[in-house]
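Student: Spelled out, the chains give:
There are 4 protein chains.
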Amino acid sequence: MDKVFLYNDNIGFCGILDHMGDDLAIVNSARVSFNTTHEALTDRDIKLIKYLYANKHTSPFEHCTIKFECNVPLFVARQHMRHRTWSYNEVSRRYTEVDLEFYTTKEFRPQAKSNRQASVHDDILINPVLTTVVGDTQDWTTRADEAILLHTQNSVKLYESLLDKGVCREQARMVLPQNMYCRYIATANLHNILKFISLRDKPGAQWEMRKLAQYMGEVVSELFPHTWEAYTLTTTI
Amino acid sequence: MDKVFLYNDNIGFCGILDHMGDDLAIVNSARVSFNTTHEALTDRDIKLIKYLYANKHTSPFEHCTIKFECNVPLFVARQHMRHRTWSYNEVSRRYTEVDLEFYTTKEFRPQAKSNRQASVHDDILINPVLTTVVGDTQDWTTRADEAILLHTQNSVKLYESLLDKGVCREQARMVLPQNMYCRYIATANLHNILKFISLRDKPGAQWEMRKLAQYMGEVVSELFPHTWEAYTLTTTI
Amino acid sequence: MDKVFLYNDNIGFCGILDHMGDDLAIVNSARVSFNTTHEALTDRDIKLIKYLYANKHTSPFEHCTIKFECNVPLFVARQHMRHRTWSYNEVSRRYTEVDLEFYTTKEFRPQAKSNRQASVHDDILINPVLTTVVGDTQDWTTRADEAILLHTQNSVKLYESLLDKGVCREQARMVLPQNMYCRYIATANLHNILKFISLRDKPGAQWEMRKLAQYMGEVVSELFPHTWEAYTLTTTI
Amino acid sequence: MDKVFLYNDNIGFCGILDHMGDDLAIVNSARVSFNTTHEALTDRDIKLIKYLYANKHTSPFEHCTIKFECNVPLFVARQHMRHRTWSYNEVSRRYTEVDLEFYTTKEFRPQAKSNRQASVHDDILINPVLTTVVGDTQDWTTRADEAILLHTQNSVKLYESLLDKGVCREQARMVLPQNMYCRYIATANLHNILKFISLRDKPGAQWEMRKLAQYMGEVVSELFPHTWEAYTLTTTI
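Residue numbers (my numbering), protein chains in the order written: chain V, 2 to 238; chain P, 2 to 238; chain B, 2 to 238; chain C, 2 to 238.
No wet-lab data here; the hints were simulated from the structure.
Certain hints may be false.
[What the hints assert, rightly or not] Covered by chain P, per the in silico footprint, the following chain V stretches (three or more residues, Cβ under 8 Å): (1) 77-86; (2) 103-113; (3) 144-150; (4) 158-172; (5) 177-189.
Remember, predicted model here, so these are calculated numbers, not experimental data.
Ideal Cβ placement from N, Cα and C applies to all residues, glycine included.
Same shape as in the complex, but just chain V:
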């Protein structure tokens, strides 16, 4: 498992760069309380992992870390970076104007009626026809995805015009829309990664966000299979 594309646009991705620890390391960190160490996982150890997770003895999971590389739209990155237990390093648009990329989709979700915040999470996906969306005097129709694409291109043109005239990058970037991709490195310990997944891969979370959290869940299930099982047992209860 190296890196997966999260959406249908071959741009948004997440991958694992490095990690520290495994299920055995968690057990041995926990067994410090008993002053013993194991060389290999036993059945009792696997039970111990489940017991620890179910009973919120979270500290043994903090000695394992995973380092990810993410490339996600700004509105997803913003939600990720609200988690204050992670470390982040991000491509700065104050530094560079190269490699500007933008998220686009043909699949739009209807607004949920009951939950003001959410979208409807079933198969009703729409790509409506819009009229008079871009420009001042024009009046033509286009699909939503094309309208967004055109809007994005106009944003980049304006951005580049500003740079051409000598305006600093840190100001010019204000015209770039929030479907702009952000590339960054994100590291956290296993306890906080699981907490992140539990909050960001659940009904009510934005679909684009859930895709990132789900990928991280797959990484955890490969690197820490018994911890992942303990997590799924606890969160489905």
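With chain V's structure known, arrange chains P, B and C on it following the hints.
Tutor: Only chains P, B and C this time, still in chain V's reference frame:
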């Protein structure tokens, strides 16, 4: 001191909502180490505050907190929220589409040559004339501020067209540019507020960011005058 | 509510020094998401508090803080200070040798058989008779509480002998037993205070620790009654 | 480098259990800002590490972690665990009574006159003769180290008497002195490890604490040699 506008647009502001503690509380927190308490600040107490700050005995400053309300452009809010020791609550564009506001300016800074990240921080402010910036087939000229305003209006039109056709807010917001204002509540303890100011009000930091940090410095200087003096003594050294 | 003694010895106490916020402030912090503010708590606001707490929307509770003063035995202070979201300032035994106090009790709990970590939490309290406990060559009997008292006095005598001979406090303190009282100031935001209480006032937690957590619960229930109700509803489910 | 004894008693030790990252990883985390990656360290990369550290661009150092095992006296462990950016797992004296060990020394430092907190950090080491230190009615003389040893033994005897009579471990441990060894696992990211070292290996810090911080510095200098050089350049300025 209640609330000040940060820029020239009568939109961006910061204000203080609440706070806990004063210089005397800091001294008494520190004097717990000596097992004594004072009723009023003495000259020795003021010296103690300076000694504590200069010698990185930061814990006594952590028992004081300030709660701010901020309304700043997204690119400023993003920098603020990278500070993981603060607590934030933000108007969610997944919830509401009302009160959309955008940052505009007539004063653009040139790109710095020496520092790839920064702008030139002197009086050379420009508002260049751009050509062919918005729309597909047009070819006209306009000042940068007007071009940005027009771009912003087009973004909102597209956003509203998407909502009109039933697209969920959480997706539609992707077309909104990063000069969109974010309103949020932000709370931190005094130690972390001073750390924030030291990192965000210095040469190399973005001007729009520095305005926020400078206002917070004014709040600290009123509520905790001796701590503020200790801070300025240490950071100018 | 100012300060209560936690045990039967008129030494261990906890009190509130300061606080910021109330239930209304929590609601208004949360309503920033909706871009509205209330002047007084409505029934819907009270429901909102319960909804927020039950659904782990914890950030609105982070803008409220409480500042406590604690005086508890070292083995309790150690558990408290493992909570890394609090701020602490403590009487340092490297600074001062005055006001040494020690925890004593006549009520000892039997070791639990099923849970290796816990004691039996019912009314079986013992104060057993011990033989040959202190000194080298003696052979006499005494109640546990008296034996501990004598041991504590011997510890202090040894500590003072070391100081008298010029040994530094930071080394001499190593002979002081863990029933030594620690006085400190502790501040946290409401979210983390409730998390602390949920982990430290539950079956399996040490009785002396629970007393501290229970007092903090009383403080919360006075200052933030609706939040406290939301907390008790969620934790008893 | 596996594990070193910190003091002269062949008990207190620190060792490295695992780590993630190297100097190259730091550079590549930083270069995300520029959107580039290197395969091997160049001279410019080494300069970049120094620039990052000197200018407090600390986030690239947060993606590296080191996991230590420590066995230090309680009064040292207590200072270590005040650092809230680390993760800890500790042998609990509520769980087990085996392997009780205690710190002893023949080398006592005089109390500093000028700094109430510190000891004199030169070669004047003393092991004074004490009188009437242990027990109630006795009157004999002994060296400080022997007095402490005897005191420790008496503490353990009392502890075991309490356990023998059925008193729970969580209460009985209150009689154990603070030279009791604590064994624990401690993990932090490189940025916070360096911050720890800068605060705990400096004049004024307790010698027993500095030994731990110095060992950690040696680990950093082997695993991250250029970062260590950047650190030493910055802290000696």
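Student: Under a C-beta cut-off of less than 8 Å, do 3 or more residues of the segment 77-86 of chain V approach chain P closely enough to confirm the stated coverage?
Tutor: holds (count 5)
Student: When I compare C-beta atoms, does the segment 177-189 of chain V have three or more residues closer than 8 Å to chain P?
Tutor: holds (count 5)
Student: Three residues minimum, CB to CB under 8 Å: does the segment 103-113 of chain V make the cut for coverage by chain P? Let me know.
Tutor: Since three or more residues must qualify, the claim that chain P covers the segment 103-113 of chain V holds, with 7 doing so at under 8 Å.
Student: Closer than 8 Å, Cβ to Cβ, for at least three residues: run that test on the segment 158-172 of chain V against chain P and report holds or violated.
Tutor: Holds, because 12 residues of the segment 158-172 of chain V bring their Cβ atoms closer than 8 Å to Cβ atoms of chain P.
Student: Apply the coverage criterion to the segment 144-150 of chain V and chain P: a residue qualifies when its Cβ sits closer than 8 Å to a Cβ of the chain, and three qualifying residues are needed.
Tutor: Since 3 is at least three, the answer is holds.
The structure fails none of the hints (numbered hints given earlier).
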